[in-house]
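Please construct the entire structure, taking both the sequences and the accompanying hints into account.
Protein chains: 2
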Amino acid sequence: VGKSTKIFILKSRPSGDVSADNFELIEEDLPGVKEGEIKVKTRYLSVDPYMRNRMNNVESYVSPFELESAINGNGIAEVVETKSDQFSIRDLVVGNLPWQEYSIIDSKRVEKILTDEAISSTAYLSVLGLTGLTAFFGLLDIGEPKSGETVVISAAAGAVGSIVGQIARIKGCKVIGITGGEKKCDYLKNDLLFDEAIDYKKTPNIRKELRKICPQKVDIYFDNVGGDISDGVLYMLNNKARIVLCGQISLYNLNRLSMGPRLFPQFLIRRVKMQGFIVYDYANQFLEARDQIKQWLLDGAIKYNENIIEGFENLPTAFLGLFTGGNIGKQLVKV
Amino acid sequence: VGKSTKIFILKSRPSGDVSADNFELIEEDLPGVKEGEIKVKTRYLSVDPYMRNRMNNVESYVSPFELESAINGNGIAEVVETKSDQFSIRDLVVGNLPWQEYSIIDSKRVEKILTDEAISSTAYLSVLGLTGLTAFFGLLDIGEPKSGETVVISAAAGAVGSIVGQIARIKGCKVIGITGGEKKCDYLKNDLLFDEAIDYKKTPNIRKELRKICPQKVDIYFDNVGGDISDGVLYMLNNKARIVLCGQISLYNLNRLSMGPRLFPQFLIRRVKMQGFIVYDYANQFLEARDQIKQWLLDGAIKYNENIIEGFENLPTAFLGLFTGGNIGKQLVKV
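As given, the protein sequences belong to chains A and B, one line each in that order. Heads up: take any position in the first sequence, counting from 1, add 257, and you land on my numbering. Heads up: take any position in the second sequence, counting from 1, add 257, and you land on my numbering.
Hints may contain errors.
Identical copies look the same in the list; a pair holds intra-copy or inter-copy alike.
As the list claims (entries may be wrong) - List time: in silico DSSO-like cross-link candidates among lysine-lysine, alpha-carbon distance up to 30 Å:
id	residue 1	residue 2
1	K469	K440
2	K458	K340
3	K263	K458
4	K497	K474
5	K298	K459
6	K446	K298
7	K497	K403
8	K446	K369
9	K431	K465
10	K403	K291
11	K365	K497
12	K263	K403
13	K369	K458
14	K465	K365
Just so you know, the hints here were simulated from the structure itself, not pulled from any lab data.
This is the structure:
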């Protein structure tokens, strides 16, 4: 088993919208396992918006995917062969994995999942993984929410946004989510207990809507989307508001520069702070943060949703789905 | 003397470019001096870009000027009559003053200038006043310069920019100023010892120019102008760069929304922090900061330039001059 493996490689770099043609499924033989390495069978792979940027040949905080090489991203795998004394057969590991059914990896590059009856292993790719940690540090460290403040979140039903809103609620904030479609609005209000949800598909003027439901204006904007939706929020900021710049998914598929209103004069007179971040900046605080999130989960203070597509060959489809806004919560692929 | 006074009032709010027609010079009688008040003869008045925003009827960190009422701004005046035990005749005071030759003010609203042979009183409107303090706190608190970093400043020969660059130099940074015209470039390099000066009037592509003179990219951008010039700099930011949002003078005279490239994806992947501020946020640290700036002045580490126009009636002209970029250093009017 696992002498050869299916692999998704980057076949071409997208120009504009990413498409299934940018990926190619190939099959290759695997080499033997060397000292310090483990062979794993991939169980789950995570698809995330930031991966779109890695498909471009642009230097960023993570290096671009290489053409003709395996795509890689966060995943969970089971150890099937080991030459590392840190791992035994059947251990579950989480970390950056190639988009392969089987792979041979340096044992130092993954982390063992301590299985827990109360929490499924997939949580390590969502609420307890980089997604949850991104929500945690972005909101708490950059947003610095204070009780009674108003927090607006874009892509609020997404993997990160849905956790941000719940942490904001725990911190005593009024939480307003922006999302697309009635189903997601209901999810935010009824399941996640957001104070308000705005369906951007039915709301031509976000600014006007916010003026109505949020006369006290916005203290924290946790931005996952950028573009027109964000513009509407950015006109409604309070003095000393904070903008947590987490994603700009509405702009990732554009192959030309997008133009928008110049908002810096607004930021100036309102003394706004805007900050981009990546979750790895907080790596030395991951353990504590994960303990805190786990506690909230066990207390029922935080809920999370995973949208799991089955089948290795569906990885590109799952990834493309991120850009059409169909999913609620974290998008995973079960291999 | 001073029974009546000349007054510049706001006659109309500008739509687009501010013009002399927006001001009107009138003459009015002054009431008597009441307990706790002083009558002062204005000596110098400061004209500042932020005042343009006060001419609009828009709520900001300072309230708008009122129509048919005196313009006001920072100034130095001499006490000519006193019903306050804090001030004596001939004391010099600094503070927010109406654009009047004479005025009667609450003594608690101004501060006595302790005259000092080494430093002229006008310094309290420039390098030791709000201008110098704006440079000081914007650069040091928001910019957080570290030795060896690269600092770019727009409107670098202006009142704030020229001080920012010199403090950055004291902190061991490489300093690049953007300004208009050869004379100002020479001033920055030869008088203020900036490492580089870019003449934006002769540089159609700021980004390209920066790529040439600054391959190490930009760690701090101290922005006084906004618009196209800033766009060029913002493409050249380093990871974890800081943008100090101090002014956006290129946009103040526009009566429609200006459009520009959407740069937030850049800010995101570079983990940029951008922050607007006003100097009054640091009011409880003004004394210390002023002591530090004074020390730098006395040591010869900082130079400053004041551009003084004579004549009360020239106040509007001096103010309009801020938007044509003619002046070097601080623009004052000697009454």
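Up to 30 Å CA-CA - K458 versus K369, copy category = neither (42 Å within a copy, 59 Å between copies)
From the Cα coordinates, with 30 Å as the cut-off, is the pair K263 and K403 best called within, between, both, or neither?
-> neither (49 Å within a copy, 49 Å between copies)
Status of K459 relative to K298 across identical chains (alpha carbons, at most 30 Å) | Answer is neither: 44 Å inside a copy and 61 Å across each miss the 30 Å cutoff.
Could you place K497 and K474 in one of the four classes (within, between, both, neither) given a Cα distance threshold of 30 Å?
-> both (11 Å within a copy, 29 Å between copies)
When no copy is named, should K446 and K298 be tagged within, between, both, or neither for a Cα gap of at most 30 Å?
-> neither (39 Å within a copy, 63 Å between copies)
How would you classify K497 and K403 at a CA-CA limit of 30 Å: within, between, both, or neither?
-> both (12 Å within a copy, 25 Å between copies)
30 Å Cα threshold - placement of K465 relative to K431 | For K431 and K465, only the intra-copy Cα distance (18 Å) is at most 30 Å; the inter-copy one is 45 Å.
Homomeric proximity label, K263 with K458: Cα distance no greater than 30 Å | Classified as neither; 39 Å inside a copy, 58 Å across copies.
Within, between, both or neither: K403, K291 at alpha-carbon 30 Å | Neither way: K403 and K291 sit 51 Å apart in one copy and 45 Å across, limit 30 Å.
With 30 Å as the alpha-carbon cut-off, assign the pair K469 and K440 to within, between, both or neither.
-> Within one copy only: 22 Å inside a chain, 52 Å across chains, cut-off 30 Å.
Pop the pair K365 and K497 into one bin, within, between, both or neither, using alpha-carbon distances up to 30 Å.
-> between (43 Å within a copy, 28 Å between copies)
Taking 30 Å as the upper bound on the Cα-Cα distance, should K458 and K340 be classified as within, between, both, or neither?
-> neither (53 Å within a copy, 65 Å between copies)
In terms of the numbered hints stated before, the structure departs from hints 2, 3, 5, 6, 8, 10, 12, 13, 14, listed from lowest to highest.
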